[in-house]
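Protein chains: 2
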Amino acid sequence: MNLYETLAADIEGQVKRGVLLEGERLPSVRQTSQHRNLSISTVLRAYSLLESRGVIESRPQSGYFVRPPLRGVARDVVPAPLVLSSAVDVSRLVLSTLRSIRSHNAVPLGTPYPDPAPYPWPRISQYANAIARRNQDWTVMDDLPPGNPELIRQIARRHMENGMAVDPSEIIVTVGATEAINLCLQAAARPGDTIVVESPTYYAFLHAIERMGMRALEVPTDPRDGISIEALRTILSQQRVAACMVMPNFQNPLGFQMPDARKRELVALLSQHDIPVIENDVYHELYYGDSHPTSLKAYDTKGLVLHCSSFSKSLTANYRIGWALPGRYTAQVEKLKFLNTLATPSQPQMAIAEYLQNDGYDRHLRKVRKGYEQRARMMAAAVTRFFPAGTSVSTPQGGYVLWVGLPQGVDAMRLYALALERKITIGPGHMFSARGSYTNYIRLNYSYPWSKEIEQAVRTLGLLVRDLL
Amino acid sequence: MNLYETLAADIEGQVKRGVLLEGERLPSVRQTSQHRNLSISTVLRAYSLLESRGVIESRPQSGYFVRPPLRGVARDVVPAPLVLSSAVDVSRLVLSTLRSIRSHNAVPLGTPYPDPAPYPWPRISQYANAIARRNQDWTVMDDLPPGNPELIRQIARRHMENGMAVDPSEIIVTVGATEAINLCLQAAARPGDTIVVESPTYYAFLHAIERMGMRALEVPTDPRDGISIEALRTILSQQRVAACMVMPNFQNPLGFQMPDARKRELVALLSQHDIPVIENDVYHELYYGDSHPTSLKAYDTKGLVLHCSSFSKSLTANYRIGWALPGRYTAQVEKLKFLNTLATPSQPQMAIAEYLQNDGYDRHLRKVRKGYEQRARMMAAAVTRFFPAGTSVSTPQGGYVLWVGLPQGVDAMRLYALALERKITIGPGHMFSARGSYTNYIRLNYSYPWSKEIEQAVRTLGLLVRDLL
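Residue numbers (my numbering), protein chains in the order written: chain F, -2 to 466; chain B, -2 to 466.
Next comes chain F alone, as it looks inside the complex:
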């Protein structure tokens, strides 16, 4: 190919791939000549070839523009197809599920995220805007770990109000709880190590373990009391465990709140063996009871609890602001944060800090909690009504997901596929175990206001389950 043909082929390829859209102006002949280090005449020849092929058109005094394509150009990213195999790749399954929800515009019973409507993001965004106007000469240095001092103070304050005194110098701001969990695990254990998790477990724990080349050991977990301390004690007497990862409050997917006595017992047992425990407490503020739950961290005397949380479930998911309280691993997690993403942007941190300082965080949360508590009952009632005998439902004590056990033999992945055809998404139980357990369980999100559409979706799911019996 000549130079001009190569250039023409390049540009035509970009139009086909949707990089250049219909009606969009091409870079000028002069720009292209300069950027590509080609002569003006070569560029003109390429443009004229494209014109003759009907790819672009020249408009007098304006330049060259992309002509309407023959077929529609894919502008969005096509989601990867859902891969089903006996050895489930949990992270790919989760990502596929999330993509399906988005791309199918489906009833979002499968999403792990709360309905964004009641969250005060517009207000926080106003703060962010004012902050941006005040700070026009920011550099990355202002954003270095551990994080924005004012947000760190507000986080410490909130912990204090919730009954847990924390040292602000232990707080490290992260890109959501996901980054916090990853960094804490890397600080606390090494590749090849065995990590204890609940069963079923929150899938991001499995992701982190898989990614670091560690091994997950799934320990029986009671749907009301949490991880079996008895089983854990037996395991610890027999094998080396490097760390433990749990969600003591409103576990995803079971929804339980571990009783205080058991939290204390768990921390004591692990401390005795000098085993660090990573606590994911992102649903802390979404309790249905009269008062805040306690955190494992509150029972920690040896710096072995690495507490992870975020504002994504309670305040704004859009900013991806989380934090870690890594106990004796603080210096290491701070360094890993620096290595992993260098800095967390300051603007969203400061905006959240201003909201926490000035606005009605508690009022907002009271409203949200009340809604979730009501919808937990409505969702459970609808499942009980529409699903066949042999179905079980959890009784969440906080958060916004219901764990539904289907009759033996019903494959949640098949239900997932059938439901998706009817524009309904669910969270298949396969996501919550690396061993392929919970294949007849599903997780349902009830954060959205109860509606005819949601009721109809639950009814449809019930009929599909009957078909699969």
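Hint data in this document are derived by calculation from the structure and do not stem from the laboratory. One or more hints might be untrue.
Calculated lysine to any residue pairs in the SDA-like style (CA-CA distance at most 20 Å, straight line) [unchecked claim]: (1) B/K13 with F/E147; (2) F/K364 with B/Q28; (3) F/K364 with F/D287; (4) F/K299 with B/G10; (5) F/K13 with B/A162; (6) F/K364 with B/H32; (7) F/K13 with B/P146; (8) F/K299 with B/D7; (9) B/K13 with F/A162; (10) B/K367 with B/S448.
Covered stretches of chain F, as calculated for chain B (at least 3 residues, CB under 8 Å) [claimed, not checked]: (11) 12 to 22; (12) 330 to 338.
Now the in silico label distances, taken between C-beta atoms and shown as ranges [stated by the list, open to error]: (13) B/D257 with F/Q28: 18 to 28 Å; (14) B/D257 with F/D271: 51 to 61 Å; (15) B/S36 with F/M410: 50 to 60 Å; (16) F/T381 with B/A6: 42 to 52 Å; (17) B/A265 with F/Q28: 26 to 36 Å.
Just so we're clear, the structure is a prediction, and the values are computed from it rather than from any experiment. Backbone N, C-alpha and C fix where the C-beta goes; we use that ideal spot for every residue, glycine too.
Based on these hints, arrange chain B on the given structure of chain F.
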């Protein structure tokens, strides 16, 4: 301790640590009672104890407030002291250097970041604000990898304008180039593997290698032509190398632009051995020549070049938006992105996309490049004038850092410490090698407008170097 004494001690601790500031209102007695699950009388007794100790005061009809402390309360995070040892922990050294720059309000010759003043952040921030107003019901699902489709299109377009046709489905948006580099390395190599880097090398490469439990192999690098392909060829004939990490354009710290012929040769050699190469191209837009440099990626025919870049050096550092073009590792990097930080916030992505679409990115860059090119000459001239004989300076072809070789025997860490006392920061050469090379080298940032203060700082550095001879 009684319950009320424990509560009082907790609150007093929080005041001492600066979580509660002077004049700030305490949570009400009712709130505290509810959150801590304590009786009203216990809380009242605790507050009254704190009052008697002078920690808080009650104001009629308003509640309890923190009284002025006896000594100033530390509100900011105190930077960790700079650790000097023979086995330099590169990442801790880099973090300490950055912190020192911030906390000492020093002349920022040591910063790796550009002067933020000429960057159009206020304009991009206006877009972000408008986007936030239009999108009030965003969920994390809209932000899932690979990234915002419009930004991906704009990135592909920019690559095309710069002479490199890329497939938009290969682009993965990340939290800055730092995350892109980490994910690409994890996708391309395994713990224990040997990774080839330039010598001196960009320290974030060393960080990523250190963090993943891999080993860095530093290969001689010419200050004008880049990594020695001859040396690399010899190495590859003798040992297994898993990947290579380079900065072919305006390398940090040397500033060279690898000639096209050598870029082509490097990619050919590595392709022949089927070795992936991670290319950090963040300074791509900051060239001093007449046209854009080429990227290694442009010579790649086997999908072995993992190209990493960001907008942090060319447009806005505040948003931490970078991207990767990981070639045949795309699916894996996309999954790792999901596991590492789940999602990159959409709002900053969309704001940058709108800027690229509507504003004068090229005009902005022309102005910035012109300034850097002038200051490169002024900084080199000042060093030549004020530093003793035996000093060498680089001749950067882009970017905004100068690499200065001090006379043999001058220890850059000692210079760093002495300069810091005079409120001047520099980048000690120790940061650019894991083997402890370059102990008599420093990196100087010249992105800030030339001023009397900067000239004076260079003069002071010259005097300090003479003292150290």
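Here is what the structure says about each hint:
1. B/K13 with F/E147: holds (16 Å)
2. F/K364 with B/Q28: Distance of about 17 Å is within 20 Å: holds.
3. F/K364 with F/D287: With a Cα-Cα distance of about 14 Å, the restraint between F/K364 and F/D287 holds, given a limit of 20 Å.
4. F/K299 with B/G10: Holds - the C-alpha atoms of B/G10 and F/K299 are around 18 Å apart, at most 20 Å.
5. F/K13 with B/A162: Between F/K13 and B/A162 the Cα gap is close to 12 Å, so the pair holds against 20 Å.
6. F/K364 with B/H32: Judged against 20 Å, a Cα distance of about 17 Å means the pair holds.
7. F/K13 with B/P146: With Cα atoms ~15 Å apart, F/K13 and B/P146 stay inside 20 Å; holds.
8. F/K299 with B/D7: holds (18 Å)
9. B/K13 with F/A162: holds (12 Å)
10. B/K367 with B/S448: With a Cα-Cα distance of about 17 Å, the restraint between B/K367 and B/S448 holds, given a limit of 20 Å.
11. 12 to 22: holds (count 5)
12. 330 to 338: holds (count 6)
13. B/D257 with F/Q28: 18 to 28 Å: holds (20 Å)
14. B/D257 with F/D271: 51 to 61 Å: About 57 Å separates the Cβ atoms of B/D257 and F/D271, which means 51 to 61 Å holds.
15. B/S36 with F/M410: 50 to 60 Å: holds (52 Å)
16. F/T381 with B/A6: 42 to 52 Å: holds (49 Å)
17. B/A265 with F/Q28: 26 to 36 Å: Given range 26 to 36 Å: holds, Cβ gap about 30 Å.
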